[in-house]
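Please build the complete structure, drawing on both the sequences and the hints.
There are 2 protein chains.
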Amino acid sequence: MVQNLNKNIQEGDNPDLTSERLTSTFNTNDMAAQIWGSEKRARRRREISAKIAQMPELHDSKPLPFMTREEKIMESARKLTILTEKMGQIIDPTDPAELYHLNNEVLGLEGNPMALHGVMFIPALSAQASDEQQAKWLPRALRREIIGTYAQTELGHGTNLQNLETTATYDLATQEFVLHTPQITALKWWPGNLGKSSNYAVVVAHMIIKAKNYGPHPFMVQLRDEKTHEPLPGITIGDIGPKMAYNIVDNGFLGFNKYRIPRTNLLMRHTKVEADGTYIKPPHAKINYSAMVHVRAYMLTGQAIMLASALNIATRYSSVRRQGQIDKSQPEVKVLEYQTQQHRLFPSIARAYAFQFAGAETVKLYEHVLKEMKSGNVSLMADLHALTSGLKSVVTYQTGEGIEQARMACGGHGYSMASYISEIYGVAIGGCTYEGENMVMLLQLARYLVKSAALVKSGQSSKLGPLVAYLGVKSEPTSLIDRIPNSGFTEYVKTFQHVSKRQTLKAADMFFGLMEKGEKREIAWNKCSVELNRLAFSQASRLHTRLFIVEAFVRRVNEIADIRIKEALTDLLHLHVNYELLDIASYALEDGFLSASQLDYIRDQVYLYLGKIRPNAVSLLDSWEFSDIELRSVLGRRDGNVYENLFKWAKSSPLNKTDVLPSVTQYLKPMMEKARL
Amino acid sequence: MVQNLNKNIQEGDNPDLTSERLTSTFNTNDMAAQIWGSEKRARRRREISAKIAQMPELHDSKPLPFMTREEKIMESARKLTILTEKMGQIIDPTDPAELYHLNNEVLGLEGNPMALHGVMFIPALSAQASDEQQAKWLPRALRREIIGTYAQTELGHGTNLQNLETTATYDLATQEFVLHTPQITALKWWPGNLGKSSNYAVVVAHMIIKAKNYGPHPFMVQLRDEKTHEPLPGITIGDIGPKMAYNIVDNGFLGFNKYRIPRTNLLMRHTKVEADGTYIKPPHAKINYSAMVHVRAYMLTGQAIMLASALNIATRYSSVRRQGQIDKSQPEVKVLEYQTQQHRLFPSIARAYAFQFAGAETVKLYEHVLKEMKSGNVSLMADLHALTSGLKSVVTYQTGEGIEQARMACGGHGYSMASYISEIYGVAIGGCTYEGENMVMLLQLARYLVKSAALVKSGQSSKLGPLVAYLGVKSEPTSLIDRIPNSGFTEYVKTFQHVSKRQTLKAADMFFGLMEKGEKREIAWNKCSVELNRLAFSQASRLHTRLFIVEAFVRRVNEIADIRIKEALTDLLHLHVNYELLDIASYALEDGFLSASQLDYIRDQVYLYLGKIRPNAVSLLDSWEFSDIELRSVLGRRDGNVYENLFKWAKSSPLNKTDVLPSVTQYLKPMMEKARL
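Here the protein sequences line up with chains A and B, keeping their order.
The first sequence begins at 92 in our numbering and counts up one residue at a time.
The second sequence begins at 92 in our numbering and counts up one residue at a time.
Everything labelled a hint here was simulated from the structure, so no lab data went into it.
The model shown is predicted, which means the values in this text are computed figures rather than measured ones.
Mixed in with the good hints there might be a few duds.
Label pairs and their computed distance ranges (CB to CB) [as the list claims (entries may be wrong)]: (1) A:Ala560 x B:Asp719: 54 to 60 Å; (2) A:Arg705 x B:Leu113: 57 to 63 Å; (3) B:Glu735 x A:Ala687: 54 to 60 Å; (4) A:Lys608 x B:Lys548: 52 to 58 Å; (5) A:Arg705 x B:Gly325: 42 to 48 Å; (6) B:Lys742 x A:Asp682: 55 to 61 Å; (7) A:Gly604 x B:Ser381: 55 to 61 Å.
No residue lacks a Cβ here, since even glycine has one placed at the ideal position from N, Cα and C.
Given below as structure tokens:
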């Protein structure tokens, strides 16, 4: 038997999908190693998937879209308890990447009753509880004796931490903090698993001692009786109701009616409060960005995975769906033949790779910066924080866009829950809002860019951080993209740099213009960012971020040794740079940096690389090695046998349990009978 | 008491919303008359809403997001039977606009068990059944003795009618047609209400007589027993399963196993088949566009309503939500103060009006063309068909975009089903796919544009239809938008015309280039539309359509006599033309028709009009006069009392029926207990 480069071919597969796989120019296992960071990591993913495939107790007992929210939560809790017992047989539980993959396969995208326990509650205790406190609570949390979450956001208050209303007032007499919710807008609102599953939470509240407000601090709070799981007296708690998606998570509300906790439940790693109410400041009060940076860096991978999942479904289905004849004497063609279909899907394939590579680079950068911090170099974290703010915003937005296009590329069947794409969309698009609303994120980056521009303007370009060094470099008068086509993407990067630099300096000019007119810095910033030019600032941030993504993609491709992989990814990168440049072309046309004929050149390049990528399209997505269990999509099945399985799926839909619905028996039949009289 | 221009102010309202309403520069009832077409129509809407408000049996018995799909269907059937009895007390049932409004209020957006009966089944019988057949079936359908739908699409076949696989073979011996589903892909799939509610359907199948295939024809088919509602022998039928949205409708599948119907069930208004199998052709076989045009023209209004609904929710909420301080000594500001928020919402407000006006104009055009057709002028319908193809595509896409932006503008709470925006999005975005997939629609229009361009190129511009006459007019060398600011939008229209014309002629050049090289027309078209330049063609179609929308908006504003209304809509139109032009600017920068400084001018105009619209923003949406019953949104409540009602809503969510969930009792509690041992 011939060794196929694409490792997904099996007997019984839909031949229309197999023929796509046979044209792969690279080994999909090797590509998986690129995607997941190493050969070992990719292999472990396959091993884990194979083990899960053999454990039916970890599979969905029926398709998730057929379950009510309550049933989904039950199903997820069922799997959680099995995993608690058997996890060690499947993965190395100390390896976060293996745990992440296990969760995606078994529990899926829609969340689970302990989603926040591992990613927020335990990290909050680890970062903010004293050693003594950790000794008391951490082992219990790790053994899952208790389930916890992190409660900060309130009904009336999101990102603006200072305006939270929940108070923790110190009662000297009893040495307790009294937690209180002064009005409805002060209810904790949104924290995941707060509503029903957790019995503990780290709660953020304004700490008040002897009538002085020391600002928001974290407290460890028991919410429910450990035996009965009933809410404790003084606690109002519940689920906030169904959402657009992510409905297995019981996002909750929480109110306190003068609820008392011991003084020692204030998390005291940094701040301390003594029994007599003495407040001891943390040694350095500087904002600690690292938790935010950490979450946002890892969000990129999550978004890349969701984008690639949706594209995987749509591209496989586009290979087996035939519609329309180009030549009337021939059978209907695969819809993947249509250039419009390629144009809908392929640029997003490039983005999924770009996001994955940019994400990996950001995580590395984060680890590097953490090390630097330990040796006293704190400034880099602020730089990285600015970058991740922009990345989070651009990546979540473009991911949502790409997933919806993938869904629509599936025609009517994309709209069916059998595609599962709309659920992926619902989960992914939440990323535009949580962990910092995207518009706010862009303005955070803009603030950093304007500061950097100030260095350029005052002749201090040498002080620019590495991520913004290009702001200090003079660019050529016009782009050379079409004149040096083999520049290894250098001319493309230069064009992105020019556009981003120009927009940043333009935005900064507005700011400094106001400063020169005598406005105070903060007022000038507000005038710029709020009153008049916020849009210009957010554009500068977007352009800077897109430049970084392009550069990360270029850097990664340059590192690759395997020639087949390199070639395939170089084609993808060609599509990426041309497509992205076309998308922001008006910025470069404006000042003549790009000419109309260069724009035509870019368009032609896009068409050219759509065609080049076509033979590898399915394989580029197969390489992410999502199992059918993880994808949960009838349209996206590995074997491409879509139609018989759509029929099977539909027949088992809840509405088909009976031939005659109760709504007919009770209402429609009597209505018709009456009319017949 | 002062007469407020905004008619939505009541005691007990959130003062932050009232203050927005007090700044209205126009009477919202007068604006409603513009939106709904006449003072009378607007007044009737208010009267109908008022009546419904007093009939609790027609209200949702609990919020729809708290119901399972089965419960929603039950609820909807319940209301349907009440409406069947009481409709006449509320509306004039012969007035489609009143019926439409009633349905939106009482049944809502998510469909109902008889959604297709009125809009597809009865019209299909009316258009395609002979007088004799109509006499037999129509009265029964109108009295609701039977429930019907229209079944055309198949599992493996969407838009391409010729490739349907279901057959109706004539059996001369028994004078019956034998309906058959040869394989799984031939199952009827998607028709609304086919799965569970309907007992009849008009089914499209290839008619075969004496081994000759006469192509797809419509047949009246009984699916279920009228007494028991059980499927008849030979019929496989059921619901296709849950979808992204619109889940009250039981979209269905249907298979035939040699299922026999009388010959006289072929709908014989046009084609006839005699007892001996003789086939009698219809007098003129020309494609009848009018049904498609009719549906698409009315879709525009539906989309405008959904866009305005989402914006209404987001804009009201943005007026009561406060976040962030511009000046630290002041309280937090309304998020509507932020220019980014205005930029997210206001251009879409302009589009909602533009779509509504363009929709009304298209309906009028349709009625005019129908009249012309009766006097023999058939050509105009093809022109209108091309236009509505483009409109359907552009409007559904931009509506989806606008609704999602509205949702995200609500921050986290937009993601909650309490906003209801994600449900509106799910329903609206379906419009991109049904009634002709958007990409296919754009190419239909492109074909018409290229034909029109051929007339220009061959010096026959005088033969151009009125909708494309601008293709034959020479444009100035550069735009004059900033030089003649008081041109009454003429210079803007000219700029849109220039851009659309240039792109159309460019696309046509590709086509004619291939023709000149000796390609046959159909092959050249396919090469253009499929192989290489499909994207260019779809762009031309988009630009042409956007031009039409702008022109329709301009025409409407020019007609208005009421000075306050005219001023407010003129501001909105200013925002519209500048925003839209900015969006397509690269096409005009390319050939220097717009200069960089003109682009700056356009941007400034966008900022300027965001500010001008601000005092009217809430009132521009109040004017659509959606009741709270229709909006179904906690965030979008007329009274703006959002937070207490969010809490009330959440408390009644199904998960809060018990303090301890079964998932906890059964799984999580035992897991924690075990860990404590």
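*Has the hinted range 52 to 58 Å been met by the Cβ atoms of Lys608 of chain A and Lys548 of chain B?*
Since the Cβ atoms of Lys608 of chain A and Lys548 of chain B sit about 56 Å apart, the hinted range of 52 to 58 Å holds.
*Kindly confirm whether 54 to 60 Å is satisfied by the beta carbon distance between Glu735 of chain B and Ala687 of chain A.*
holds (58 Å)
_Distance restraint hint 55 to 61 Å, applied to the beta-carbon atoms of Gly604 of chain A and Ser381 of chain B_ = holds (59 Å)
_Assessment of proposed distance window 54 to 60 Å (beta carbons of Ala560 of chain A, Asp719 of chain B)_ = holds (55 Å)
_Outcome for the supplied range 55 to 61 Å, where the beta carbon pair is Lys742 of chain B and Asp682 of chain A_ = holds (57 Å)
*Taking the CB of Arg705 of chain A and the CB of Leu113 of chain B, does the distance hold inside 57 to 63 Å?*
holds (60 Å)
*Honestly, do Arg705 of chain A and Gly325 of chain B meet the 42 to 48 Å range at C-beta?*
holds (44 Å)
In summary, this structure violates none of the numbered hints.
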